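Protein chains in written order, with the numbering used here: chain L, 1 to 379; chain E, 1 to 279.
Hints were generated in silico from the structure; no laboratory data involved. No experiment lies behind these values; they were computed from the predicted model shown. Treat the hints loosely; a few may be bogus.
To be verified - Derived DEER-like restraints, expressed as beta-carbon distance ranges:
#1 E/97 <-> L/341: 32 to 42 Å
#2 L/182 <-> E/75: 21 to 31 Å
#3 L/146 <-> E/235: 22 to 32 Å
#4 L/100 <-> E/195: 29 to 39 Å
Claimed, not checked - Only some residues are given here: those of chain E computed to face chain L with a beta carbon under 8 Å:
#5 6
#6 7
#7 19
#8 42
#9 53
#10 103
#11 104
#12 108
Quick reminder that beta carbons are idealized off the backbone N, C-alpha and C, glycines included.
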Amino acid sequence: MSKRPKVHTGSHQPAESIALSNLEMLQIRFLGDARQRVSELVRMDPSAKLDILRSHLVRSIEAAEIPYRDAADRLIEFAGWLELGLACNVLRLAHVFADELLWNALADPVLRRYYELFYPQLVASALRIRATGEAINYETLVDAHHVFIRALSLDEVITRKTVRGFLRVIDDFVLEDQTGHTFDKGDFITTINNPDLFAAALFPTQDPDAGQSSTTSQEVKVSATPLASRTCSGFIEFLQFLRSLHNLVRDLDAQPLLQSAIWHQYGYWLHLLSAQLGGVIATGLDELASYVDTTDPSESDEEALKVATFADIAETTHVLQVLTSSQYRAQLEAEFFRITGDNEMKRLFSELRHIRPVRSIDISAGADKSLQQYLSSSS
Amino acid sequence: MQSHYLPAKLTTNYVEPAMLYCSILDPSALVIFVHGFGGSAAGTWPDFHTLLTQTSNHPIKFDAIFYQYDGKFTQANNSAASFRNFLDHFLANPFAVLKPLLPSGSNRTHCTYKRILLVAHSLGAVVVRRALLDIATYSAASPRPWLMDTRLVLFAPAHKGAFAASIAQAILSSSRWFLGQLLGRAALYNTPLLSDLLPSSAVLRSLEDETKEVVESKKASCPYAIAYQVIWAEHEKVVQNDKFVADPPATLELGRDHMTVCKPKTSSDPVFQHVLHAL
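Chain L on its own, in the form it takes in the complex (with noise of 0.2 Å):
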């Protein structure tokens, strides 16, 4: 069992009936029923859990392990999601204190190794710290509610069938219908380097070989699937995901801590964004630019359209730079090292800096083989 915590009470507490009910919520979306797989996990011989909670990159990951990890997963998301509630004031530390589960699994250090060396959620890392009476002070306006609002709705998109089929396939899976066609991350970036694959399997023909003279029948039959058609439709609505991130940490510079909060929260995915895919999505973009370019306005509304398509793939590719970027994940790591002085972490996190945004395309492989260095050297 923990240490039990401090209880802090702030100034901007919210009535305890609708805290609790707000408590209750988050419990029911993001914990439900991996409660029971968590509380298996914190009980089980550390030597069985150690293995089940390794880093992939040691070893692949069998079925009859990944519903322990997804518990662990959905565990660390709500740690995250109470920690941003506790910052934007929409919920009572009290309430979340009293939850032994939860600050039972967050000790746990296996579990610890798992999020915050191996796949680090800071988030849940500084709700972590609260039970040693340590908080990070967001300096949060009184009526924040609105923005975890904001933030909440943003889960609701990469939630979403087709972001989470895209997402997975960033992940490394690789995704099988029922009739056994594969689609993987080799196949994504075939198909995002190239407008004509791309239209395809965003809108697929009956005839896959339609219209498709600058590319081979192979490569579109790749395309047509349903698979690459969902994982593309994830694509998309995922670089709506970022556009509608970027606007809401944009609207928090006078609130730094938690703008980098809400970035952190989603950090995970940033992080294999730019480590596995950001030079490849940036060359796709411009494969699109120079497609647009060869196009041949007839209408002075198309002329106006292809300028607002050049402005737009530009806006796209600057989220997709800002947020890749260290400039909102900055602000809550230097806060966190300094009230923790964790050097372990640290030293995991300036590892994890040195990694470049999306238009390098080398990053890749530096960043994996750099964190596995890390890995072998700290196991």
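Please arrange chain E on chain L, whose structure you already have, making use of the hints.
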């Protein structure tokens, strides 16, 4: 001050999970938002989520549902059938559906909606109109009293048709995006939804003809067949702005386009006020 509980996922057999915002106090109204082409509940109505949950001073308390469906590939009439099933299932006994989703400390005891407000954007208008029309037509044996309590607020409705290339563009994004034009040029779109929504398509013709029949046959009002308010965008490039049967004259929102016409920025924004006034 918080007027609604944090959102819950409303899962049914018919569609993707909808986001549900339950009023903290017993409500007298229900608002259902239905997005358009390729959109999503979160993308089409981003600011409604936050603005609606800060309406504790508004005299009318309401639940809100952000309905979600596939607006890319599924035919409009299929989406309407799913929405019809959703409405029928939900409104048959709303409290039974909501109770498990309310926090345990909730003091709410019932869901007696005196007003059902359906707020639709673009393709959503076709989906909503067809669903209501079918419910009214085929439920004659066991009438749905709530039909008479409905109001429709339609933003940039696509019930008079849309321009194909622009639909493709709109499908790809809730903002002005480039791929739609690109796809339109390459003539690669091949989804039944696109032909459903061309002006004078069979789907739209039958919707208009049947609506006309209902309106003409009813001596009393039929709020499910006549919009309460229609809002057009000044810079509309996607749908055909034209009067639909007995709808009132549209309100023109200046400086807005197809995508921004349903996106209020503040609670005093007329777009937000249109919805509140219709409650």
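Report the numbers of all earlier hints that the structure fails to satisfy, in ascending order.
Checked against the structure, the hints that fail are numbers 1, 4, 12, while the rest are satisfied.
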